[in-house]
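Below, each chain spelled out in residue letters.
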Amino acid sequence: MTATSIDRTSAATELIQIFDPVSPRRSVAGNRGAARIDSLEGKRIGLLHNGKPGGEHMLAGIRLALAQRYPDATFDFRFKPHASVGANFLDELTGVWDAAVIAVGDCGSCSSYAVHDGTELEKRGIPSVVFVSSPFEDMSRLWARRLEVPDLAILVVGHPLAQLPATVLADEWGAPRTGEVVDLLTGAH
Amino acid sequence: MAAPAMPVLEVAGDPARLARDLAARNIGDGLPVVPATAGRVAEMLAAVDRDPDEEIGFMPPVQGLVTPHYIAVNAVLAGCAPEHMPVLVAASEALLDPGFNLFAIQPTTNPVAPLVIVHGPITERLGMNAGTGCFGPGNYANAVIGRAVRFIMQNLGGGIPGLTDHATHGWPGKYTFCAAENAAQTPWAPFHARRGLAAGDDAVSIFGVQAQHNVIDVTGQNGYEALNVIGRGMAAVGTNNHTMGGEALVILAPEQARQVADSGLDPDAAARILFEYSRIDMRGMPAPFRELIRVRRPQWCDEARVPVVDRWEDIPIIVAGGPGIHALYMASFGTTKSITRRIESS
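First to last, the protein sequences are chains A and B.
In terms of the numbering used here, the first sequence opens at residue 1 and continues consecutively.
In terms of the numbering used here, the second sequence opens at residue 1 and continues consecutively.
Be aware that a few hints might be false.
[Said to hold, decoys possible] For each label pair, taking beta carbons as the anchor points, the in silico distance ranges come out as:
#1 L15/A / R258/B: 50 to 60 Å
#2 D151/A / C301/B: 43 to 53 Å
#3 I16/A / I216/B: 43 to 53 Å
#4 P161/B / G158/A: 17 to 27 Å
#5 E10/B / D138/A: 24 to 34 Å
#6 D91/A / R258/B: 44 to 54 Å
#7 I216/B / D151/A: 50 to 60 Å
#8 V237/B / I16/A: 44 to 54 Å
#9 D138/A / A236/B: 29 to 39 Å
#10 P172/B / A35/A: 42 to 52 Å
#11 G238/B / F77/A: 23 to 33 Å
To be clear, the hints were calculated from the coordinates, so they are not data collected in a lab.
Note that the structure is predicted; figures quoted are calculated from it, not measured.
A virtual CB, placed ideally from N, CA and C, is assigned to each residue, including glycine.
From just these sequences and the hints, can you work out the full model?
What follows is the structure, encoded as structure tokens:
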């Protein structure tokens with residue numbers, strides 16, 4: 001090999017300039033998130049199930065715990081069948097919901113659209129909390145920044161979760177996070 | 001390179017080291033690239049009559065700027081020649097269509113990739129492969145156009161594998177996935193003409209699909225028998241079509257298309273037959289799974305006959321490939337619509 005080998009030393013160390021193939025991102029306006037509410041007392045709380053199995057049970061646990069804590073709060077449960085698109089009824093909620101809880105993002109596309117729905121509700125003046133499972137946390141926080149609600153309240157849960165019994169998701173995954181939900185909706189955190 | 005106005009990277013000149021460096025920066029696909037020098041990018045831009053800095057849009061999910069300049073840089077990097085540039089501009093515009101749903105397709109755990117199909121006379125000019133092995137290796141234009149589309153999604157849209165592209169497994173179609181329609185052996189109007197463009201137009205279509213499922217029918221005596229078998233082959237459990245509906249792409253080999261046409265069937269009639277045969281028997285499946293589909297697709301109450309799509313119109317049929325009695329079913333991402341755009345030549 002010695003006789004025919006090529007000296008690659010100079011080629012291996014040579015530097016060249018190429019155009020950067022990564023384009024700049026659209027500038028974002030900053031923070032278009034909603035103001036927090038003072039308390040959940042007497043408020044109408046929206047519970048948005050994004051269609052991913054398990055989310056409805058977590059929301060049920062949170063609802064029960066919130067109802068015990070705020071007996072005069074009311075709840076509105078809404079559901080979208082497909083998790084990988086935005087909810088098509090968000091405009092109906094302006095001035096109707098005082099706060100929102102969204103569950104659950106446990107995959108790439110459903111987490112993206114859970115964050116999308118959360119940021120859209122925030123832009124409509126509705127403080128929101130979005131539940132996302134751990135593998136999708138970083139991406140979700142990035143999307144929140146790109147969607148102009150950089151401080152979107154994202155609560156991280158374990159993964160996987162969809163196979164867990166309803167009672168476990170309600171009583172052990174949802175209800176125990178209620179204090180954090182309240183803090184994030186009221187700005188007490 | 002003479003002091004370019006656009007941002008540049010200083011990288012290794014050695015091809016292997018360059019590939020490694022770019023991969024470390026989350027740029028490209030890990031394979032060697034062609035350096036996007038000022039001269040090569042200028043040649044690429046000269047192939048389209050567009051302002052290099054025209055704001056075509058912002059690509060989801062990171063909302064990266066899409067301009068002819070950035071398309072050209074990625075085209076060079078992927079190995080394209082200038083004559084491919086008009087296809088890439090049209091494909092980029094198609095990717096930006098909200099109906100294609102890049103905000104979900106880029107980050108999803110699903111193994112979905114955009115299939116790029118090129119239509120019209122341009123396929124001949126580019127020397128594209130519409131025949132034997134058209135989805136496989138060996139054709140320059142097919143390979144680099146599909147690769148450039150992936151680069152655009154990654155470098156402009158920000159779909160970075162492992163970071164913002166969460167495909168559980170991914171698949172080789174995410175490197176490149178492009179072919180030409182076999183118009184010469186299509187017994188009907190070409191696909192883009194069925195979508196309202198002129199048959200003589202050049203066009204590109206993108207489909208958000210997963211890997212091909214091959215269906216071979218070696219006994220079919222006519223189009224009805226062939227479509228019976230293909231339709232049953234489409235009845236795959238657990239695809240996004242099954243759980244969500246949406247479009248389901250079918251590629252017919254030329255001799256199969258001829259068989260269908262000789263039975264007096266046009267693509268619409270064929271899609272109606274496929275719709276009837278592509279039914280899934282849900283009986284015996286776990287109750288939660290049946291419940292999921294009942295909730296997501298409530299119109300299908302006959303559990304013994306749940307179709308893979310909600311409407312026959314959601315089964316686009318394209319002819320491609322060479323000799324052989326094979327058909328391909330490609331389940332889609334579900335919440336995506338295929339997009340067809342005319343290619344504007346300069």
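Item to check | Hint check for D138/A and E10/B - Cβ pair distance inside 24 to 34 Å | outcome: Because 28 Å falls inside the window, the suggested range holds.
Item to check | G158/A and P161/B - C-beta distance against the hinted 17 to 27 Å | outcome: The hinted range 17 to 27 Å holds for P161/B and G158/A, with Cβ atoms some 24 Å apart.
Checklist entry - In this structure, is the beta-carbon distance linking I216/B and D151/A contained in 50 to 60 Å? => result Roughly 55 Å apart at Cβ, these two residues keep to the hinted range, so it holds.
Checklist entry - Regarding D151/A and C301/B, is the given constraint of 43 to 53 Å on their beta-carbon distance met? => result 45 Å, holds
Checklist entry - Does 44 to 54 Å hold as the CB distance between D91/A and R258/B, or does it fail? => result Roughly 50 Å apart at Cβ, these two residues keep to the hinted range, so it holds.
Checklist entry - Between I16/A and I216/B, does the C-beta distance stay in 43 to 53 Å? => result 49 Å, holds
Checklist entry - Holds or violated: 42 to 52 Å for the Cβ distance of P172/B and A35/A? => result Given a distance of about 49 Å, which is inside 42 to 52 Å, the answer is holds.
Checklist entry - For the pair G238/B and F77/A, does the Cβ-Cβ distance stay inside 23 to 33 Å? => result With Cβ atoms ~28 Å apart, the hint holds.
Checklist entry - At the C-beta level, are V237/B and I16/A separated by a distance inside 44 to 54 Å? => result 51 Å, holds
Checklist entry - Is it true that L15/A and R258/B lie within 50 to 60 Å of each other by Cβ? => result With a Cβ separation near 56 Å, L15/A and R258/B satisfy 50 to 60 Å, so the hint holds.
Checklist entry - Do D138/A and A236/B keep their Cβ atoms within the hinted range of 29 to 39 Å? => result With Cβ atoms ~33 Å apart, the hint holds.
Of the numbered hints stated above, none is contradicted by the structure.
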